[in-house]
Amino acid sequence: MEPIRQIRSRTAVLPFTNIDTDQIIPARFLRTTTRAGLGQQLFADWRYSAGGALKPEFALNLPEAAGCAVLVAGRNFGCGSSREHAPWALLDYGFRAVISTEIADIFRSNSLKNGLLPIEVDEFTGQWLLEHPGAEVTIDLDSTTLRLPGGNVVAFPIEGFARYCLLNGVDELGFLIARQAEISAYEQGARP
Amino acid sequence: MKTMFQKVWEQHEVVPETADTPAVLYVDRHLIHEVTSPQAFTVLRERGLSVRRPERTLATIDHSSPTRTEQIFGGVPIAIESAATQIAQLQSNCVEFGVELLDLKSDQRGIVHIIGPEFGFTQPGQTIVCGDSHTSTHGAFGALAFGIGTTEVGHVLATQCLLQRRPRTFAITVHGALSSGVTAKDLILSIIGEIGIGGGTGHVLEYRGAVVRALSMEERMTVCNMSIEAGARAGMIAPDETTYAYLKARPRAPQGGAWERAVAHWRTLASDTGASFDREITLHGSKLEPMITYGTNPGMVMAVSGSIPERRDDPVFDKALAYMGLHAGAPIGGQPVNVVFIGSCTNGRLSDLRSAAQLLRGHRIARGVRALVVPGSQQVKKAAEAEGLDRIFIDAGAEWRESGCSMCIGMNGDTVASGEYSISTSNRNFEGRQGPGARTLLASPLTAAASAVRGRVTDPRDFLNA
Chain A
4 MEPIRQIRSR TAVLPFTNID TDQIIPARFL RTTTRAGLGQ QLFADWRYSA GGALKPEFAL
64 NLPEAAGCAV LVAGRNFGCG SSREHAPWAL LDYGFRAVIS TEIADIFRSN SLKNGLLPIE
124 VDEFTGQWLL EHPGAEVTID LDSTTLRLPG GNVVAFPIEG FARYCLLNGV DELGFLIARQ
184 AEISAYEQGA RP
Chain B
65 MKTMFQKVWE QHEVVPETAD TPAVLYVDRH LIHEVTSPQA FTVLRERGLS VRRPERTLAT
125 IDHSSPTRTE QIFGGVPIAI ESAATQIAQL QSNCVEFGVE LLDLKSDQRG IVHIIGPEFG
185 FTQPGQTIVC GDSHTSTHGA FGALAFGIGT TEVGHVLATQ CLLQRRPRTF AITVHGALSS
245 GVTAKDLILS IIGEIGIGGG TGHVLEYRGA VVRALSMEER MTVCNMSIEA GARAGMIAPD
305 ETTYAYLKAR PRAPQGGAWE RAVAHWRTLA SDTGASFDRE ITLHGSKLEP MITYGTNPGM
365 VMAVSGSIPE RRDDPVFDKA LAYMGLHAGA PIGGQPVNVV FIGSCTNGRL SDLRSAAQLL
425 RGHRIARGVR ALVVPGSQQV KKAAEAEGLD RIFIDAGAEW RESGCSMCIG MNGDTVASGE
485 YSISTSNRNF EGRQGPGART LLASPLTAAA SAVRGRVTDP RDFLNA
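These protein sequence lines map, in sequence, to chains A and B. Convert by adding 3 to the 1-based position in the first sequence; the result is the number in the working numbering. Convert by adding 64 to the 1-based position in the second sequence; the result is the number in the working numbering.
Check before you lean on any hint, since a few could be wrong.
Computed from the model, here is a short list of chain A residues facing chain B with C-beta under 7 Å [as the list claims (entries may be wrong)]:
1. ASP23
2. PRO29
3. PHE32
4. ARG34
5. ARG38
6. ASP48
7. SER85
8. ILE109
9. ASN113
10. LEU176
11. LEU179
12. ILE186
In case anyone wonders, no lab produced these hints; they're calculated from the structure. Source: prediction; values computed, not measured. Note that CB positions come from ideal geometry on N, CA and C, so glycine has one too.
Build out the structure end to end from the sequences listed, making use of the hints.
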C-alpha cells in the first residue's frame with residue numbers, strides 16, 4: 004500500500020443519513036472474484052437510470068463533482084453489510100476519504116485496511132460540510148486534522164495503529180504474521 | 065465482576081491491546097462463503113501463505129447459489145454465469161488450501177449462520193467470525209461473533225487471529241413475556257426501533273431478562289441476527305439449559321467427557337451479577353406488538369396495527385417514503401403486497417417455517433401474490449418435508465425451493481421487480497436490497513403468512529384470535 008500523509012481536495016456531498024453499503028454497491032455486483040473495476044458500479048442505482056444512462060441530477064454526476072477525492076455524507080455512513088466491495092468501489096472511483104458525523108464499524112475497519120480514510124467530525128463541522136459542496140479541504144493524517152476553507156482546523160479521531168500503518172504504507176497482516184510465536188503459545192495453552 | 069463479553073474477550077487475547085496497538089484476538093471458528101472470500105485467497109496466494117488452522121474454517125455456498133432444484137441436482141447449468149464462476153472459485157480455493165466445503169449438492173449445505181449452529185460448530189464462549197455482517201447470529205449461544213471484511217478473512221486464514229479494539233458493552237433487558245402473535249422478530253424490530261439503526265455502533269449488545277430467557281435457541285438466533293441492524297458488531301445471550309439442550313448430541317458439539325467439561329466451562333460465562341455495562345436500556349415484553357418496517361432501513365419500523373409516523377422537515381424521511389410509495393399518517397394495515405418471502409438467516413429455520421405453515425394451513429395465498437419459501441439449510445428443508453410443511457406451502461400456492469440466501473439479497477436471481485411490494489422475513493429493507501426498485505416490508509413469518517393470505521399487510525392476530 005502507498006503511504007498516505009495528506010489529502011487535499013474539493014468535496015462531493017451526499018446529504019443523506021444512514022447510507023448503507025447496499026447503496027454504495029448493490030449486491031448484484033458482488034458476483035466477482037476480484038476487487039478491480041468496482042468504481043463503475045459505485046452508487047449504481049442512484050447514479051444510473053434503469054436504462055443505464057447517468058442521472059444528471061445525482062450529486063456525483065454534477066460536473067463540479069468530477070475529480071473530488073473527498074466524499075461528505077450524513078450520519079451513520081456505511082451501515083449494513085460487511086462487503087469490503089464498498090470501500091473498493093469508492094477507491095476505484097477516485098475517493099480517498101469519507102467524512103461523516105458517524106461511520107459504521109465494519110465499513111470503517113474495511114476502509115482503514117484499504118487506504119480510504121474514514122473521518123468522523125462533530126455535528127457542527129458535519130453540517131457545515133453538508134451545506135457546502137465543493138469546499139476545498141485538507142486532511143492531514145500525520146496531525147489528524149481536517150482543514151476547512153478559511154483556515155479552521157478540526158481534529159478527528161483515528162485508531163492509532165491503523166494511522167501508523169497508513170502513514171507508513173504497511174499492512175496489518177505483516178504485523179499479525181510477526182506474532183506467530185505468541186499465537187502458537189496461545190494455541191498450546193488454549194482450550195480446544 | 066465481568067460481563068460475558070469481557071470474559072470471552074479476555075479468554076481470546078493472544079496479546080492484549082495497548083495504547084499503540086489493538087489486541088491480537090484468537091478466532092475459534094471461521095465461516096466462509098463464495099462472495100467475500102475469493103479476494104482473500106488471492107492475497108494468500110500472492111504472498112505465498114497457507115491456511116494456518118484449516119480445521120477451524122468451514123466453507124459453504126449460500127449467497128449466489130440458485131434455489132431451483134434443477135440447477136443444483138438436475139444437471140441444468142447455474143443460470144447466472146458470474147454466480148457459477150464464483151462458486152467454482154470457492155470450490156477450487158477450498159481444495160487448494162485444504163478447507164472443508166459443504167458443497168452445492170451436500171445435504172449439510174445452507175446459509176452459513178444456519179448451518180454453524182445446526183451442526184454444533186457454533187458453541188458458547190467461542191470467538192466466531194465470517195465475512196458477513198449477520199455473523200452476530202451466533203451470539204445467541206454466548207459466543208462473541210461478528211462480521212468482518214475480506215481483508216480480515218485473509219488475516220484469519222493466514223494467522224487465525226484478528227487485530228481488534230475492544231468495543232463497549234450495551235445491556236438490553238426485556239422484562240415480562242411476549243403476547244400471542246408477537247415473535248422474536250417483533251422483539252428485535254422493536255429494539256432497533258427503540259435504539260435506532262446506529263444506536264449500537266461501537267458496542268456489543270447483551271440481551272437479558274425474562275423474555276430473552278424464555279426464547280428458544282432459534283428465536284434467540286433471530287434476535288442476535290439483527291444486532292447489526294442496530295449498528296452493533298455483535299449481540300450475545302448467556303448460555304443456559306436451553307442452549308445445552310439444543311447443542312447436545314449435535315455432530316460437531318463435544319461428546320462424552322468433553323461435553324461435561326465444556327458445559328462446566330459454559331456455565332461460567334454469564335455476566336456476573338452487578339457487572340456494569342457502558343449503556344443499558346429496559347423494555348417490557350407485554351407492551352410489544354407485531355411489527356413491520358415502512359421505510360428504507362430497519363429502524364423505520366412500526367406496529368402492524370399502527371399508522372406511518374409523520375415527521376416535519378426531514379427530507380431523508382420524505383425520500384424514504386417516496387421510494388416506498390407510502391404516506392405519512394396512513395395505516396400500514398391493508399397495504400397491498402405483490403411478493404411474500406419466507407426465509408433468510410433471520411427467519412429461515414424450522415420453527416419459522418412451522419409458524420408460517422401453521423397460519424397458512426387450509427388457506428390459499430391471495431390471487432396475484434407470489435410467495436417464495438426458502439429453507440435456511442438443506443437440513444431444515446429435509447426436516448420440514450418430513451413433517452409435511454412443504455405440502456402446506458405448495459397447497460397454499462407458494463413456491464418451495466432449495467436453501468440459500470435467495471430473495472433476502474437477490475444475488476442469485478430471486479428478486480422482486482421494481483415498484484413491487486415485498487413482505488419479507490429477512491433483515492434489510494434498504495433501497496434495492498431485493499432487486500432494483502423493490503419495496504421491502506420486513507416482518508415476522510406469522511405476519512408474512514397472514515399478509516400472503518389476504519394479499520395485504522395483515523396483523524397475524526386477526527387469524528390467531530379468529
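Are ILE186(A) and chain B close enough, Cβ to Cβ, to be under 7 Å, as the hint says?
Constraint on ILE186(A) satisfied, holds at 6 Å.
Given ASP23(A) as an interface hint, is the shortest Cβ-Cβ distance to chain B below 7 Å?
Hint holds; ASP23(A) Cβ to chain B Cβ min 5 Å, cut 7 Å.
With 7 Å as the cut and Cβ atoms as the points, is ARG38(A) at the interface with chain B?
holds, 5 Å
Given ASN113(A) as an interface hint, is the shortest Cβ-Cβ distance to chain B below 7 Å?
holds, 4 Å
Minimum Cβ distance from LEU179(A) to chain B below 7 Å?
holds, 4 Å
Hinted contact ILE109(A) with chain B - closest CB pair below 7 Å
For ILE109(A), the interface hint holds, since the closest Cβ of chain B sits about 6 Å away, which is under 7 Å.
Against chain B, with CB atoms and a cut of 7 Å, does the hint on LEU176(A) hold up?
holds, 6 Å
Let's test the interface hint: is any C-beta of chain B closer than 7 Å to that of PRO29(A)?
Since the shortest Cβ distance to chain B is 5 Å, the answer is holds.
Holds or violated: ASP48(A) as interface residue toward chain B, Cβ cutoff 7 Å?
holds, 5 Å
Agreement of hint ARG34(A) with chain B interface, Cβ distance less than 7 Å
holds, 4 Å
For the hint on SER85(A), does the least C-beta distance to chain B fall short of 7 Å?
Holds. Min distance 4 Å.
Quick one, is the PHE32(A) hint okay against chain B at 7 Å, beta carbons?
Nearest chain B Cβ about 9 Å off; hint violated.
In summary, the one numbered hint that this structure violates is 3.
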